[in-house]
Structure formats: C-alpha cells, structure tokens
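**Student:** Residue numbers (our numbering), protein chains in the order written: chain Y, 1 to 418; chain U, 1 to 418.
Possibly wrong hints are sitting among the right ones.
No copy labels: a pair is met if it fits in one copy or bridges any two.
Unchecked claim - When the alpha-carbon atoms are kept at most 20 angstroms apart in a straight line, the in silico SDA-like pairs for lysine to any residue are as follows:
#1 K327 <-> N352
#2 K219 <-> A169
#3 K327 <-> G355
#4 K82 <-> E48
#5 K327 <-> C204
#6 K156 <-> R19
#7 K157 <-> H214
#8 K145 <-> P323
#9 K25 <-> P283
#10 K364 <-> E113
#11 K82 <-> E113
#12 K219 <-> I165
#13 K145 <-> S104
#14 K219 <-> D166
FYI, nobody ran anything at the bench for these hints, they're computed from the structure.
Given next are the chains, with one letter for each unit.
Number of protein chains: 2
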Amino acid sequence: MIREANEEAVRRLKDSSPRLVDIRKAGDVLRDFDRMTILHAGPPITYERMCASMQQAVHAVIRYEGLADSWEEAAALAASGKIRFAPCHSRGCVGPMTGVTSYSMPLLVVRNETYGNEAYSTINEGAGDVIRFGACTENTIKRLKWIETVLAPALKKVIDRMGGIDLSAIMSQALSMGDELHMRNIASSHVFLHRICAVLSEVCEGEVLSEILHFLTSKNDQFFLNFAMAANKSAADAADGIPHSTIVSAMARNGVEIGIRISGLPGQWFTAPAPLVDGLYFPGHSVADANPDIGDSAIMETGGFGAMAMAAAPAIVRLLGIPDTGKAYAFTEEMRRITDGEHTSYTIPGQNFAGCPVGIDIMKVVETGIVPGLNTAIMSREPGVGMVGAGLSRVPFECFAKALIAYDEALQREKAAG
Amino acid sequence: MIREANEEAVRRLKDSSPRLVDIRKAGDVLRDFDRMTILHAGPPITYERMCASMQQAVHAVIRYEGLADSWEEAAALAASGKIRFAPCHSRGCVGPMTGVTSYSMPLLVVRNETYGNEAYSTINEGAGDVIRFGACTENTIKRLKWIETVLAPALKKVIDRMGGIDLSAIMSQALSMGDELHMRNIASSHVFLHRICAVLSEVCEGEVLSEILHFLTSKNDQFFLNFAMAANKSAADAADGIPHSTIVSAMARNGVEIGIRISGLPGQWFTAPAPLVDGLYFPGHSVADANPDIGDSAIMETGGFGAMAMAAAPAIVRLLGIPDTGKAYAFTEEMRRITDGEHTSYTIPGQNFAGCPVGIDIMKVVETGIVPGLNTAIMSREPGVGMVGAGLSRVPFECFAKALIAYDEALQREKAAG
C-alpha cells in the first residue's frame, strides 16, 4: 500500500511538465488573497517571530503597496495585527529567501501540463538591495515598480507570442551545462535569455528593450531560479495528497524554523529550528553574522535538483566551501540512498546521464540517518546587509522523525476507524 | 636548451590573452591577399587535389565575390589557374571545415594582448547549406552577403562600443558550463550573446535587430567556435618560431592531408593522409559516406581545448560515439602525458579545477606513442550533403615522426654549421 502510494508520488514528480504560461498580478491569481495579505517563505510564522530581515522585507512591500509612506509607518502597520501573514506554500506559491510576496507583484504562472495544476513565483529582482535578502532601500521599491510596470508586461507579451515556454527543456539543458538549478542558475538564465531575446526584440524596442536586456544580463545569474522554483512547486503539488505516501512534498525555511510536508498528510508542517549553514562566507563575514536557513528554494531539492543534483555542477562545490569537486559526485550518490526514484528527463552527463535522484522518502531518511542537503545562499542576521555567503545546509532529522510519528499515528487512527 | 625553448613556448600558449578588437574585411586586413586569392583549411593543396566539398565551397565564394555568374563559370575559373590558393594558416587566419575564405568576407580580428599579434577567422554561418561543409546553394551566397552587409557592421559597432571583448573570459566561463569549445560551443555561444545583447540593442533596432537575434539563436550553437579558433591561433602564433622548441604550433586538415607544425621549425608542414573519423553518424550515414578529416579547427586542440579538454564536457562523448562519459576524464588524463603544461586560466571544474593540458610536445608523442585526439564534425564526401556526423579523430603518428626527423636534421645542420 505504501509502496504503491510512493510509486505514484514519484511518478508524478517525474512526469510533471512545467510550462510558463502567463505572468499575472498576485492579487488576480492567488486564492484567498488581498492587499492586506502578505506571503512569506517557509512554514507559518507570526510577524513578531520573524527574523529581522524578513520583517524588513515586509516593511518594503507595505511601502511598495502604498499602504505606508515611511519605514516607520510600515513597521507600525506590520505589527498592528491588520496584516494577515501566510506561507507562500499555502497559496500555491514559492519565494526565494524571505519569499515576501504582495498583492501587486507580477507572478510567473507555471502550469503543470501533465496534471493541470498551476504554481506561482515572483520575478527575480537581481542582486543588491532586494527584498529576498531583506536589504531594502528606496531603490528596492523603485525596482519592484519597474518589474511590475516594465519588465513583467514585456515578458508577458513574449510568453503570449511564444505560446508559453517549456521550462523542463530549459532545466534539462542547464543540467548539461553545469547548473544544479538552485545555487547555480547561470546556464538556465543564459538559456532563458537565448530563447526569448529575439521575440523580446519584436514586442518592445528602444530604451525599454535596452533596459530589460541590461537588467537580464547584469549580475543576474540567478534570474531563472524563480522559474525553476515555480516549476518544481507545480510538480510537488501534483505529487501531494496521495494517501499513505511517505514522499516529501515540500521543504521550506522561514529563517526561524524549517519545515517539511509529506504527500500522505497534505497541509501539515513538521518543523525544527532552522539550521545555521556551513559554507563559504564573504570576506569579513562568518557564521556569527548568519541568519538561520531561509527560503522556499528548498523546493528545488524536493524536486530532485540543487544538492540532490550536485554531480551536475561540480563547479558549485567550491562556492559552498567544499574544496574537492569529486565530492559533488559522492553527494548525489548519497542522496540516491534516501530517494525512491530517478528523473528520466533531468539527467547528469558526468554520471553517464543517470537521472537526478527524486522523491525523498521519510522512511529511508529515518532508516539511514541520511538527511537531505540543501544548497543555499546565506543571509545576514542583520537587516540591510543582504547575502553574506553560500553553503550547504542539512534538513534536521527531527523533521523526518516528527513526520513519521504523525504518519504512524494517522495510520493507527485509520485502522481503528476502518 | 630544448627544455627552455619548450617552457617558453608553453608559457606563451598559457599567457596569451585573446581579445576581439574589430571586424574587418579580409581584403583590408590580410597580407599578400587580393580578390583572386582564396584561402582554405589545412596544409597547402592545389585546386585539383581538393576534396569535392572544398571545391564546391571555392565555387561558392567565387560567385560571392562576383567573379562568376553561374556554378559552371565558377568551376571553370577555379580550375583555370587564375586563382591563387593558400592555407588560411599562411595568412594568420583559421577557418572551420573547408575553411574557404575570400576577399570580401568580414573577419573577426583577435588581438593577443600579451604578445601584440593578431589572428583572424570568418564569422560562423550557422547550420545548413554553408560553405564550411561545402553544401552550397544560392541561399549560401545570400547568407554570406547578409553576414557582410548586416551582421558584421552591427557586431563591429558592438565591439567598438564595448572597447573590445575579452575572449579568454568567455572561454574560461564556457569550460565551467560543459563546453570543450571545439564540438561543444553551446555555452560559449550563449555567454557571447548574453554579453553583447544589451549593447546590440543600442546600436541597431527594429527588423535588423530581430533578424540578427534570430540568426544568433536559431540552430547556431557553434557560433562561438570561430571566435575561439582565432583566439587560439593568436596564442599559437605567439608560441611559434621559438628556436629549438618541439611544441606543436598548428594542426590542420584539408580533407586530403593532415599536417602539423612545430614552434622550432616555423612554416614547415609535416603531413600524412587525413584520417577517417571514428564517430557517431547521422541516421542513414556511415563512415563510407565520410570525407577524410577536414578543417583548421584542430587549432583548438593545439591550444589545449577540444579533445584535450574533454573532461570539461562529459556530455560531448555521446555525440562523439563514446557510450561511457567517464571516458571524458580518462581522455584528458591521457592527453596530459603528451603535453608540457597546464593552463592556469582555463580549468576543468570536474577535475578540481586542474588546468587543461596544453603544449603538445612531439618528443612525448613519439616516446609514448600517444597521439592527440581531435573532436570534430564529419563532412560528407559527396558535395552538397554537408555534415553527416561527429567523432573523435587521431592525428597520425607519421606527422610527429616526420617532424622529429626534420627537427633532428635541423639540429645536426646547426651543429655542423656552428
């Protein structure tokens, strides 16, 4: 019974075909959502318990939405109880790092063509003073407005003219070009630009076109991450809610807690304190400056990418603080021990085109004691500083143990009832 | 004495810094060149001895230059003795496959910033009925005219506005994205587009801009090859002419013969019959359809790329007909046994960022019996068919043996004279 359920969940993760079909305003596309609702990364958290950088990102979007005219007013409104906070995941959405998402933001609309469901993510803001790192300035708000009024409408026209964009093809291509698609998206971002630029030049022109091309090509090598995240969310949601499946359907961190969900117990979070990240810190920074792990981007590992696909991206390991690139191969092999399947369309050239390991099974995690790794950026615990490094975090064993206990209890209740 | 000479030659191969500085008409930039001179790939060959596809490419450029109005007239002029044929290499130039290069063609001008010398190559024509594969139609000539009158002037403006383009940075980046830069240039071509596209949108617009972007992004994943070839020619020329050096300074094939040159005996070719290529043939084709090996693109292996850098591009080996991608690592390791150095700026992530093996030493080749491999496209022996596969060829031992004998004789003469 469990085996069949897990086979079905893994099949859905593997068979999903994510396609970018539209860009739409969050307020128009998300269920149970209004201008007073703000989404955040990870499992549920109150404004008071949020880390300082996530709070600052909240203040920035309150100003971006025109709900406050100053940082002080924004902070007061955030703490007033008038704003409703909810995880991105609760609305079919995923956001990197703070993941803060608000009403007016244009969202990537990704349709899982195999199963018909949709998933969403914001458009990547690029580097510097960005809400995902909680490093917010007046420029942050200006850039969000530019994304909303200039970039998103142009990309929407491109998507329309191209009849949608097959994201799985880009992801597959990028794996053969050294991306693991979590901390390394340079190939996917280049391939995306390559596929759209000719059409982009047909739907806009002059300064607008040049501005967009400069934005896409200046320090923006993680641009595709948000597309890949929404793609994986669309696959993970299709694999969620299969009775009796012990396959992980979400992993996410809010900077205070990390949580996982499993397919057989939809909507429930199994949490532990978010870990600090072992990695390579920028000069002048150390783990003492680091915020605990944050972001919905662990949806990449949930779907078989990132640390799971480390072997596709040997160049990544140095960025994560691992000197021996051979470890990239060993790491992916380790992850095969806690997964139930291998992708067929997402393969690793350096491993004879073996599929990326996919379908983390909490039973295998508990049995082996091996926990999934997450390739991740590291955010400062001081708001306003932004990224301070990159590394490899490990999802605490506690999450899997809690999930398995809850699963057993549910099974017992079912038997007692049945 | 020999050791010091070889150290100097290898240092020059490693220290070279190729920069794209201009695009200029062949007739304006090549020495000893006029409208009645046509360059070809490989060592010297007469028109009569050329393979049929190279002859057809010659006919096509005769028409492109307006020297004949029909294919028949062009063939007659080619055979008349009025056209002077010379190797690209004899004019500081390199051309892929047939390598046929004529007076009006815009050439990439690559300056070796370290040593001040320049090297040249044509602009890649894309796929299909192209002169490099000797598959020539009316469309071939039309496309050459478009490259001359539309693409080249736009790229020249981009280069001017950017103050030149550092090719070594693109090549280094591409190695970390799965290219070996001979048969796999998808990353380098994407990175090149990424770097120029915003500026391109500032120097041209409307239909011209869209046409150029469509050309650069449609079946044109080898676009960067010509840039990389000119870059390596600029390095190889800097390493050429060092007295007593036994380092290879050129390898090239004309479809009938393959030849190598060594630094200590500049200008001399040591030839053997061009080999047939072991590889993966397109459906319906076999080695029986193949022309013997052709093209100046072996300048890539001369400079430490292509088959020498196989380990950077495990995905390439299947295209070459090798089932086990692990062989990519073994192949680069084998090549380290016949080279005198390793690049410092061109490294292989999957081998702990070890440098690509560079500086093929004919003494090591003769000592070990290991000959350099060449990653290569395979051209049909029937003119008009074009590419029929891809594979790995091996430079015949005979070339190295001949070179070493000539080297020894020169040394004896020098001793006798001295």
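**Student:** Where does the structure disagree with the numbered hints, that is, which hint numbers, in rising order?
**Tutor:** Result: hints 5, 8, 9, 10 and 11 break, sorted rising.
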